[in-house]
Amino acid sequence: MEKFRMFFQHFQSSSESVMNGVCLLLAAVTVKMYSSFDFNCPCLARYNALYGLGLLLTPPLALFLCGLLANRQSVVMVEEWCRPAGQRRKDPGVVRYMCSSVLQRALAAPLVWILLALLDGKCFVCAFSSSVDPEKFLDFANMTPSQVQLFLAKVPCKEDELVRDSPARKAVSRYLRCLSQAIGWSITLLLIIVAFLARCLRPCFDQTVFLQRRYWSNYVDLEQKLFDETCCEHARDFAHRCVLHFFASMQSEMRARGLSRDAAGRGPEPPEMPSGLDGDGSRKAHLRAVSSREQVDFLLSTWYSSKPQLDLVASPGLWARGLNHRASTVAPGTRLSQHTDV
Amino acid sequence: MDKFRMIFQFLQSNQESFMNGICGIMALASAQMYSAFDFSCPCLPGYNEAYSAGILLAPPLVLFLLGLVVNNNVSMLAEEWKRPPGRRTKDPAVLRYMLCSMAQRALIAPIVWVAVTLLDGKCFLCAFCTAVPVTVLGNGSLAPGLSAPELARLLARVPCPDVYDGDWLLARDVAVRYLRCISQALGWSFVLLTTLLAFVVRSVRPCFTQAAFLQSKYWAHYINIERKLFDETCTEHAKAFAKVCIQQFFEAMNHDLELGHAHGAAATAPAGSAAPETTDGAEEEREKLRGITDQGTMNRLLASWHKCKPPLRLGQEEPLLGNGWAGGGPRAPRKEVATYFSRV
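Line by line, the protein sequences are chains A and B. Sequential numbering from 1 applies to the first sequence in our numbering. Sequential numbering from 1 applies to the second sequence in our numbering.
What the hints contain is simulated information worked out from the structure, not anything from laboratory work. Among the hints, erroneous ones may be present.
Unchecked claim - Over 12 Å on every C-beta distance to chain B, these chain A residues come out as not near it, computed from the model: (1) Gly21; (2) Phe37; (3) Asp38; (4) Cys43; (5) Leu53; (6) Phe64; (7) Arg96; (8) Pro134; (9) Asp160.
Unchecked claim - If we take Cβ atoms under 10 Å as the criterion, some of the chain B residues that face chain A in the derived model are: (10) Ile55; (11) Leu63; (12) Val74; (13) Glu79; (14) Trp81; (15) Arg83; (16) His237; (17) Phe241; (18) Gln247; (19) Leu289; (20) His306.
As the list claims (entries may be wrong) - Computed list of lysine-lysine pairs in DSS-like fashion (alpha-carbon distance at most 25 Å, straight line): (21) A/Lys170 with B/Lys122; (22) A/Lys158 with B/Lys122; (23) B/Lys288 with A/Lys225; (24) B/Lys307 with B/Lys228.
Yeah, the Cβ is synthetic: ideal placement off N, Cα and C, and Gly gets one too.
Using the sequences and the accompanying hints, generate a full structural model.
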């Protein structure tokens, strides 16, 4: 259990692992969806192609959009792209990296659907049965063209009276399935070769830039998560203070009106927080000045319009003021037998 | 740090079994894929061979490449191959070892597919039905009466029971049994051959350069672990960086608002008393930053990790001047490092 928990924590700690997990889950859902879907070809001349191709292409589009929705990083990427530069300059390379990783993961489920549909063959047979060249098959020699078209349209439906137990139907169906499977395997082979080459050849191009972009895109993701957590903490703190403040002021109002039965004659309750909050609220003292709706709105809009610069030592505030006496021990070189110090 | 170390020990000790597990899963998936795949021979003279060859060869290639793609070590191998030597020489033997071990694991799923295909027999039947010796197995006297294309067309339908119309020439069952028998013989021979080969390679290898092999194996594992550790350290650093950045943002906001609204003593008192607590929390985060506190330095660190990997020699005293940093650290951490590495 201990090992399982650590394993799980390890995967959650990296946003890439979480995204890979979501991607695999979506692919598994796609497989299940395809196998439980009840394919029902209309077997009518013009509708076949529409139904077959529609079923081959519409669910993948929906799955692609689902893949984008399910991935938190797509929102983070759009935010990073649209934000004003503020104090932190924007790196288009990082946005491109995030975009490509989001797109790659979102494309997995649609491709699984398309490949399953092609390898299974039903969609292809339904869509292209009317487009088969009758001269390939000797069984159509003594049928009029319109009869041939009607026959071909009904090929996907095994149980239809016109085509039941007909060797011609089986021949056409087999031919189309074979073609569909060949196309499916070819696409699979092509994709896997592209994926393999991309993976192998990436280090040949600008590996250092890649490492940097990967680090900063992970950083942007983590920063967003941490900011949301900090805001939640602040909101909780804010709400707690607000509620306690309300109770305290209600109590003092009642006492002022002489409605309180407390005869001990204690002085009016101070409007500040009780010591319980002070104890763990002092850790959040740096949030205390942000104590009104307008200030919170101002804080949030500043976070978006003017993100702080990525230089911790240069930033003003308590960091420089309160910690100056430690500045001499914080020389950047102190802890940097970095490479040998694991 | 403890949690960090435990995760790494888990990964390191189980790395081989993890990779073997993946390999086993892919082999099972390959067999499952074959049974789920609906083999449908086209039963037309030219198409049979193409279809069967495709089914025998394309999926194994896909499975092999998939086995390589899924293996994270592929990009590690490519990185190690492409990096500039920097301060650490490259050892081609290590690269060869990594390539061999990855290729061996990736070959298992394709071999399973080929074996299952041959043992099942449908593919072989589809490919070679036109090459059946009719004179021996069927009514040989009737065969010359047919032209070659006619004969081919007739025999091409052998795999499809519902359209076969050549019972007068050759009973379908006879042809199917004949071809399946050959296919199964080939399948078993293939299985025997690959198993024998694997056994010989495994048994005989220690007779050749075992010492060099052990060294390559050690350094291959080392490179793998070092990369994972570097990624983990970068993630930890990014987290600490983000935490401190956000804290500073809130503090700066706090500071500005206090000045703006002039809360006076009530505001400065909690700020003053809180300074020690925030200092302690910030101290912990600052330690995790290991002195890298701005974007430029981090970028330089990442660039030099690729361009100029540190030498495989612990206990360096001289500063890393090439990277523009002053080196030299306290002795205590180095002792800790030595203990950690000796566990490997």
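Here is how each hint holds up against the structure:
1. Gly21: About 14 Å separates A/Gly21 from the closest Cβ of chain B, which puts it past 12 Å; holds.
2. Phe37: Answer for A/Phe37: holds, closest chain B Cβ roughly 16 Å.
3. Asp38: holds (17 Å)
4. Cys43: Fine: 20 Å to the nearest Cβ keeps A/Cys43 off the interface.
5. Leu53: holds (21 Å)
6. Phe64: holds (21 Å)
7. Arg96: Correct as stated: the minimum Cβ-Cβ distance to chain B is 17 Å, above 12 Å.
8. Pro134: holds (14 Å)
9. Asp160: Answer for A/Asp160: holds, closest chain B Cβ roughly 17 Å.
10. Ile55: Holds - the Cβ of B/Ile55 comes within 10 Å of chain A, reaching about 8 Å at its closest.
11. Leu63: holds (9 Å)
12. Val74: For B/Val74, the interface hint holds, since the closest Cβ of chain A sits about 6 Å away, which is under 10 Å.
13. Glu79: Since chain A brings a Cβ to about 4 Å from B/Glu79, closer than 10 Å, the hint holds.
14. Trp81: Status holds, d = 7 Å.
15. Arg83: holds (7 Å)
16. His237: Holds: closest Cβ of chain A sits about 8 Å from B/His237, inside 10 Å.
17. Phe241: holds (7 Å)
18. Gln247: It holds, given that the least Cβ distance between B/Gln247 and chain A is near 7 Å, below 10 Å.
19. Leu289: This hint holds: B/Leu289 lies near chain A, its Cβ roughly 7 Å from the closest one there, short of 10 Å.
20. His306: holds (5 Å)
21. A/Lys170 with B/Lys122: holds (18 Å)
22. A/Lys158 with B/Lys122: Satisfied, since the Cα-Cα distance of roughly 23 Å is no more than 25 Å.
23. B/Lys288 with A/Lys225: It holds: about 19 Å lies between the C-alpha atoms, which stays within 25 Å.
24. B/Lys307 with B/Lys228: holds (18 Å)
Violation of the numbered hints given earlier is absent; every hint is satisfied by the structure.
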